[in-house]
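Take these sequences, add in the hints, and give me the full structure.
To convert a position in the sequence shown, counted from 1, into my numbering, add 181.
Don't read these hints as lab results, they were simulated from the structure.
The structure presented is a predicted model; accordingly, all values stated were derived computationally and were not measured.
Take the hints with a grain of salt, since some may be wrong.
Straight line, CA to CA, 27 Å or less: simulated DSSO-like cross-link-like pairs of lysine-lysine [to be verified]:
1) 329 to 284
2) 351 to 252
3) 252 to 329
4) 543 to 403
5) 543 to 487
6) 543 to 482
7) 452 to 403
8) 536 to 487
9) 351 to 275
10) 487 to 403
11) 536 to 452
12) 543 to 351
13) 252 to 284
14) 351 to 284
15) 284 to 403
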Amino acid sequence: MPNEWSSLFDEDEEDVELSPEGSILTELRDAYVYNLDWTVSTLIAQLGDGTIDLQPQYQRRDAWTVQRKSKLIESLILGLPVPHIVLAERPETKGTFLILDGKQRLTTLAQFAGLIPASQYNGFALRDLPLLQNLNGATYIDLIESSKHPEHKHAFLNQPLRTAILRGWKSSELLHIIFHRLNSQVVPLSPQELRQALIVGPFMGFLNDYSASSQTMQWLLKLDGPDFRMRDSEILLRLLGLTTYLDRYRGDLRRFLDEIAQWLSDNWAEKSAETEENLSSIENAIETWGMVLGREHVGRKFTDGKYEPRLNRAVLDSQVFSARDATVAERMAADPNSARHIFEELMMSDESYRKAIESTTKSIGAVEYRVSRLHQRLAVL
Numbered sequence: 182m183p184n185e186w187s188s189l190f191d192e193d194e195e196d197v198e199l200s201p202e203g204s205i206l207t208e209l210r211d212a213y214v215y216n217l218d219w220t221v222s223t224l225i226a227q228l229g230d231g232t233i234d235l236q237p238q239y240q241r242r243d244a245w246t247v248q249r250k251s252k253l254i255e256s257l258i259l260g261l262p263v264p265h266i267v268l269a270e271r272p273e274t275k276g277t278f279l280i281l282d283g284k285q286r287l288t289t290l291a292q293f294a295g296l297i298p299a300s301q302y303n304g305f306a307l308r309d310l311p312l313l314q315n316l317n318g319a320t321y322i323d324l325i326e327s328s329k330h331p332e333h334k335h336a337f338l339n340q341p342l343r344t345a346i347l348r349g350w351k352s353s354e355l356l357h358i359i360f361h362r363l364n365s366q367v368v369p370l371s372p373q374e375l376r377q378a379l380i381v382g383p384f385m386g387f388l389n390d391y392s393a394s395s396q397t398m399q400w401l402l403k404l405d406g407p408d409f410r411m412r413d414s415e416i417l418l419r420l421l422g423l424t425t426y427l428d429r430y431r432g433d434l435r436r437f438l439d440e441i442a443q444w445l446s447d448n449w450a451e452k453s454a455e456t457e458e459n460l461s462s463i464e465n466a467i468e469t470w471g472m473v474l475g476r477e478h479v480g481r482k483f484t485d486g487k488y489e490p491r492l493n494r495a496v497l498d499s500q501v502f503s504a505r506d507a508t509v510a511e512r513m514a515a516d517p518n519s520a521r522h523i524f525e526e527l528m529m530s531d532e533s534y535r536k537a538i539e540s541t542t543k544s545i546g547a548v549e550y551r552v553s554r555l556h557q558r559l560a561v562l
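Next comes the structure, spelled out in structure tokens:
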């Protein structure tokens, strides 16, 4: 999976931009972490009553197979080392937690215990266990209620799992920093997962469902279903923000997307229909470019006479911004060869455009230049 994603995307994800005034350092001094050894039975109880928020409505994006889930259960029964869990206590609701690290491990426990009825893996039976082969086919009910495996029942329920809990945090910026540091040595994770947990309101759920069912996003990202790291949702939010609310952009992409998502959630009653129309317009713009360039080339750079295989989000920004103009989209559809030539010529001859999609991609000037420049060129078709 790491090789697959690194070959698909240019490195243009959201960065955590630290405050130059050092305010984040002050917050770090006020926040603190303490460690607990919660047993599996305690964790299952807290997952069941919502103390730990798994956001079960997003289980379409489950990342683990049943075999991998089964091996986690086997490891817990045998007392083998398991990576620790990292939670952050919600400041507005003491004693409730959001997950910074360990989402798949906790999801597996909840599914095994039958706590997520909407999940296809709810109440799954253990499969392909290499060590405890006598437990293959066993469910949580079999393990807990049957007299066949009493030693495994107690070993499983009483197994401690080291859990680190962050308290005293005040801003989402600190959580983003911790989130990125936790994942710096593994597959890079989309900030959308953390945004999903942090932002309260209906918009994020709507965006999740919309992106998960978007055939356009699936062919764009070369997927056969929803992305388990929510990159489809992240890219749609980015396109919605930069092509609809560009006047609000101040140069910090992560903060901008957080603010747009929270604002839409807070004003969802008034903005829901408009937002759905905007997302449909974005998909139509992507489809227009698919017709002009070929689907495999949308959002890709044109270099040395050929298209690169990796998706470049900055290129996609400019393409979608241009084709959301209905007049431009009509002209592109009427003369796709000329539209393709305009984009390729811009990539080859405009140094400022190239810089705005490669090196300085998130500054206000870079964003405004790349979206306006391509739009200007296509408007004269």
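Evaluated hints:
1. 329 to 284: Violated: residue 329 and residue 284 sit about 31 Å apart, past 27 Å.
2. 351 to 252: Violated, at roughly 37 Å.
3. 252 to 329: Answer holds: residue 252 to residue 329 is near 20 Å, not above 27 Å.
4. 543 to 403: 25 Å, holds
5. 543 to 487: Holds - the C-alpha atoms of residue 487 and residue 543 are around 25 Å apart, at most 27 Å.
6. 543 to 482: 17 Å, holds
7. 452 to 403: 30 Å, violated
8. 536 to 487: Satisfied, since the Cα-Cα distance of roughly 18 Å is no more than 27 Å.
9. 351 to 275: Holds, because 13 Å separates the two Cα atoms, which is no more than 27 Å.
10. 487 to 403: 19 Å, holds
11. 536 to 452: 35 Å, violated
12. 543 to 351: 26 Å, holds
13. 252 to 284: 16 Å, holds
14. 351 to 284: Holds: residue 351 and residue 284 sit about 22 Å apart, inside 27 Å.
15. 284 to 403: It holds: about 25 Å lies between the C-alpha atoms, which stays within 27 Å.
Hint check: violations occur at hints 1, 2, 7 and 11; the rest are consistent with the structure.
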